[in-house]
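K.L.:
Each protein sequence line maps, in turn, to chains A and B.
Start counting the first sequence at 1; every next residue gets the next number (the numbering used here).
Start counting the second sequence at 1; every next residue gets the next number (the numbering used here).
Treat the hints with caution; some may be incorrect.
Here's a subset of chain A near chain B, in silico, CB distances under 7 Å, partners left out [stated by the list, open to error]:
| # | residue |
| --- | --- |
| 1 | V41 |
| 2 | R47 |
| 3 | R94 |
| 4 | T99 |
| 5 | L112 |
| 6 | K136 |
| 7 | L141 |
Residues from chain B shown here face chain A by an in silico Cβ test under 8 Å; the list is partial [to be verified]:
| # | residue |
| --- | --- |
| 8 | F42 |
| 9 | S166 |
| 10 | V325 |
| 11 | P331 |
| 12 | L338 |
Listing some non-contacts, in silico: residues in chain B with all C-beta distances to chain A over 10 Å [stated by the list, open to error]:
| # | residue |
| --- | --- |
| 13 | Q125 |
| 14 | G294 |
| 15 | M555 |
These are calculated hints, taken from the structure and not from any lab test.
Idealized CB from N, CA, C, for every residue including glycine.
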Amino acid sequence: MDNNTQNILIVGVGGQGVLLASELLSEVAMMRGLDVKKSEVHGMSQRGGVVSSHVRIGAKVYSPIIPYGQAEIVMSFEQAEGLRAMDWLAKDGRMIVSTTRLVPTTANFGGLGYPDDPIAEMKKKTKNVIAIEADKIANELGNPRLINTILLAVASPFLGFEKSVWEEAIKKLVKPKFVDINLKAFAQGSKLAEASL
Amino acid sequence: MKKLLSGNEAVARGAFEAGVKLAAAYPGTPSTEILENVAKHFPSIYCEWSPNEKVAFEVGIGGSLGGGRSLVTMKHVGVNVAADPLMTFSYTGVNGGFVFISADDPEMHSSQNEQDNRYFAKFAQIPFLEPSDSQESKDMVLLAFEISEQFDTPVMLRMTTRISHSKGLVETSDPIELGEQNLFDRDVKKYVMVPGHARARHKHILDRTAKLAEYVENSPLNKVESYGTKLGIISGGISYQYAKDIMPETDILKIGIGYPLPNKMIKEFVDAHERVIIVEELEPYYEEAIRIAGIHKIEGKKYFSREGELSPYRVAKGLQKAGVVETVAEPGYDPTQLFPRPPVLCVGCPHRGFFAVLKKLKLTVTGDIGCYTLGTLQPLGALHSCICMGASIGNAIGMEKVNGSKEDIVAVLGDSTFLHSGITGVLDAVYNQSDITIIIADNRITAMTGGQQHPATGYTLMGKKTKSVDIAELCKALGVESVRTVDPLDYDETMTAVKEEIKRPGPSVIITNRPCVLMPKPVYDTPYEVILDECNGCSACFRIGCPAILPSKEMTKKNRPKAEIDPVLCNGCSLCAQVCKPEAIVLTKQPEAVK
Ligand SMILES: Cc1ncc(C[n+]2csc(CCOP(=O)(O)OP(=O)(O)O)c2C)c(N)n1
Ligand code: SF4
Ligand code: SF4
Numbered sequence: 001m002d003n004n005t006q007n008i009l010i011v012g013v014g015g016q017g018v019l020l021a022s023e024l025l026s027e028v029a030m031m032r033g034l035d036v037k038k039s040e041v042h043g044m045s046q047r048g049g050v051v052s053s054h055v056r057i058g059a060k061v062y063s064p065i066i067p068y069g070q071a072e073i074v075m076s077f078e079q080a081e082g083l084r085a086m087d088w089l090a091k092d093g094r095m096i097v098s099t100t101r102l103v104p105t106t107a108n109f110g111g112l113g114y115p116d117d118p119i120a121e122m123k124k125k126t127k128n129v130i131a132i133e134a135d136k137i138a139n140e141l142g143n144p145r146l147i148n149t150i151l152l153a154v155a156s157p158f159l160g161f162e163k164s165v166w167e168e169a170i171k172k173l174v175k176p177k178f179v180d181i182n183l184k185a186f187a188q189g190s191k192l193a194e195a196s197l
Numbered sequence: 001m002k003k004l005l006s007g008n009e010a011v012a013r014g015a016f017e018a019g020v021k022l023a024a025a026y027p028g029t030p031s032t033e034i035l036e037n038v039a040k041h042f043p044s045i046y047c048e049w050s051p052n053e054k055v056a057f058e059v060g061i062g063g064s065l066g067g068g069r070s071l072v073t074m075k076h077v078g079v080n081v082a083a084d085p086l087m088t089f090s091y092t093g094v095n096g097g098f099v100f101i102s103a104d105d106p107e108m109h110s111s112q113n114e115q116d117n118r119y120f121a122k123f124a125q126i127p128f129l130e131p132s133d134s135q136e137s138k139d140m141v142l143l144a145f146e147i148s149e150q151f152d153t154p155v156m157l158r159m160t161t162r163i164s165h166s167k168g169l170v171e172t173s174d175p176i177e178l179g180e181q182n183l184f185d186r187d188v189k190k191y192v193m194v195p196g197h198a199r200a201r202h203k204h205i206l207d208r209t210a211k212l213a214e215y216v217e218n219s220p221l222n223k224v225e226s227y228g229t230k231l232g233i234i235s236g237g238i239s240y241q242y243a244k245d246i247m248p249e250t251d252i253l254k255i256g257i258g259y260p261l262p263n264k265m266i267k268e269f270v271d272a273h274e275r276v277i278i279v280e281e282l283e284p285y286y287e288e289a290i291r292i293a294g295i296h297k298i299e300g301k302k303y304f305s306r307e308g309e310l311s312p313y314r315v316a317k318g319l320q321k322a323g324v325v326e327t328v329a330e331p332g333y334d335p336t337q338l339f340p341r342p343p344v345l346c347v348g349c350p351h352r353g354f355f356a357v358l359k360k361l362k363l364t365v366t367g368d369i370g371c372y373t374l375g376t377l378q379p380l381g382a383l384h385s386c387i388c389m390g391a392s393i394g395n396a397i398g399m400e401k402v403n404g405s406k407e408d409i410v411a412v413l414g415d416s417t418f419l420h421s422g423i424t425g426v427l428d429a430v431y432n433q434s435d436i437t438i439i440i441a442d443n444r445i446t447a448m449t450g451g452q453q454h455p456a457t458g459y460t461l462m463g464k465k466t467k468s469v470d471i472a473e474l475c476k477a478l479g480v481e482s483v484r485t486v487d488p489l490d491y492d493e494t495m496t497a498v499k500e501e502i503k504r505p506g507p508s509v510i511i512t513n514r515p516c517v518l519m520p521k522p523v524y525d526t527p528y529e530v531i532l533d534e535c536n537g538c539s540a541c542f543r544i545g546c547p548a549i550l551p552s553k554e555m556t557k558k559n560r561p562k563a564e565i566d567p568v569l570c571n572g573c574s575l576c577a578q579v580c581k582p583e584a585i586v587l588t589k590q591p592e593a594v595k
């Protein structure tokens, strides 16, 4: 296995902007001259289902899917989905999770219910959990759809690309109308990242 | 210049660089984005959504006969629909190059089966190419057109969901220079497949395959990467990438053209290694073909499943079973048992309305494929069969003819599905007078695949305004005597219509008229709320399965949860208010006029 490959998994629920986040990350890596592969499945699974996107960065990447237990970073836009994605998290990997809770109808009625405190359960498994109230910050910024950018900013110091490259990627990929607000969200997230380091 | 492209985007780019003149398709995951990208980025190519894959294929054949390079795309099951023209087009061969994409869906992320379409190429005796990443997806489109023209054959490019939807870096180039277009030549012996002509063309197929068998031995698409190991791996497509990831420095024969296989090359490779393991997804296609070629020192499916997708994990596990890999990366942490998060009908989806009625009436519902297939899920549970596109009507007729259901039978299909392959079903219901009720859930779009235009939406893929077929008039013209339109979110109106139509002898059609909520125009805006004091916990609203309705913390005296509505999620479709007997569900404020 090529140990120089960086593996990042981004997970959430349909509509939370998982794909834009992985797009931004891949763009940044490409701008830095690295090989990138990213993989996700869209289609039926997106109608309110789980969305997960694998991003692999390195000198030469083969499989677009991350092997189990090999993701240095898992970013989850929803608490319980982070717990679900722990199959991929490396032993010393970091879980960056938004405290957002999205409870599907089926978990309200019978069967397996939504766990009381998924983040506490994560913390039982690893000490590397960074929980961010990204939904709250997003709402304060006036757009609940910014969770993705905020979490990317929190993860950015661990990814090792400069801030200016991220900003360039945002300008390139985000719809012009939403560029400013995303830049603001990124700045907010970066501040949190500094505080958590 | 390097670009980050998905396999589908790369195919669109490849079509542009190959000088394609015409591209036709019917949408289907995971193939849909190919034509969407052609339409978006390459306006010089004529492109269309055809009503179904068979028509798309025939349009592509027409383009080829007229001398233009033509591309047709579809999901794996689309090839079943297009199989009739495919099998005989193999006989006639092409004029302008002809390539079609079969986008297979191992693991059935968004499909009703996981058939392995490599067998289709063998069945039709046409070459197929199998890319393993985005760069190859683009390059192989160009090469496929060359092969098509050189060997006078349609060519299949076989993608899978992982290839179509994964992104990778792609080196792009300018379009190639093609010579002058060879206009249609009325060579009836080549193009009119009556028995006398077709017999001669069958010989052409056999000659062609023999020539291709030589060609593939020297094609750069089949290649050996040597590291001097005693173990050899044979693989292709996405499986190749997984194998490389796990054993980057093991000898590997990568197959790029899967029919016909380079048997000499394979024999040499097998002879030169102590052991050879074949890593392939789904069926043992290579394994069987290699054994038929008389090469037996190979191992394969005894280590890998024939079900679902391969993955780095599944390939590593298989190689471990074969004894060539020691350790496998296991999940980092013990998996937590978690609730499922199944796909659901959107909040405010118009389909929910008529399903609530069908559930209430406990009717037998033969279903079809589209968002409305989700009506089968609990708590609605109001759709009881789903085979393939258009099947609902024929299934209902057959069941009715054998008196196979105690309850009245309703067939449910969407607008796009009706136009794809439901029209002939209605014709049969009329012709053979079947006592069924057909609900055409007309949400004005092909929603399941992400919102594509179709012949009743008034727009083409290229964005031009066009005629739109009137589904009600069409049904009347087919001979249906009772055709009525209802608002599916008007519970009482829909209830009355269904009750009346199931009693009526002969076939009848009910068309629902509310657009998909993901259409550009919002349907409603103002959310509803539950007045807790009025709510008696009857759970009628829970049973319609709207994701915005949650159990409240407040309980009734009988300790049943009252209902609560998430004001951010609710888009005010009003369905729950209509099924609420104590009228506990009301608008949060007076609605603004609908835009
Ligand atoms: C032969 C075939 N082609 C394409 C598909 C992919 N597909 C599944 S559902 C669907 C469209 C459904 O549209 P519609 O009938 O309008 O229903 P809606 O999703 O809008 O509710 C398509 C294209 C398929 N399953 N089979
Ligand atoms: S996309 Fe449209 S048709 Fe499909 S579930 Fe959502 S609202 Fe219903
Ligand atoms: S009105 Fe009721 S059924 Fe309709 S979206 Fe709101 S909560 Fe759901």
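K.L.:
Which constraints among the numbered hints does this structure fail? Numbers only, ascending.
P.N.:
Violated: hints 3, 4, 6, 7, 8 and 10.
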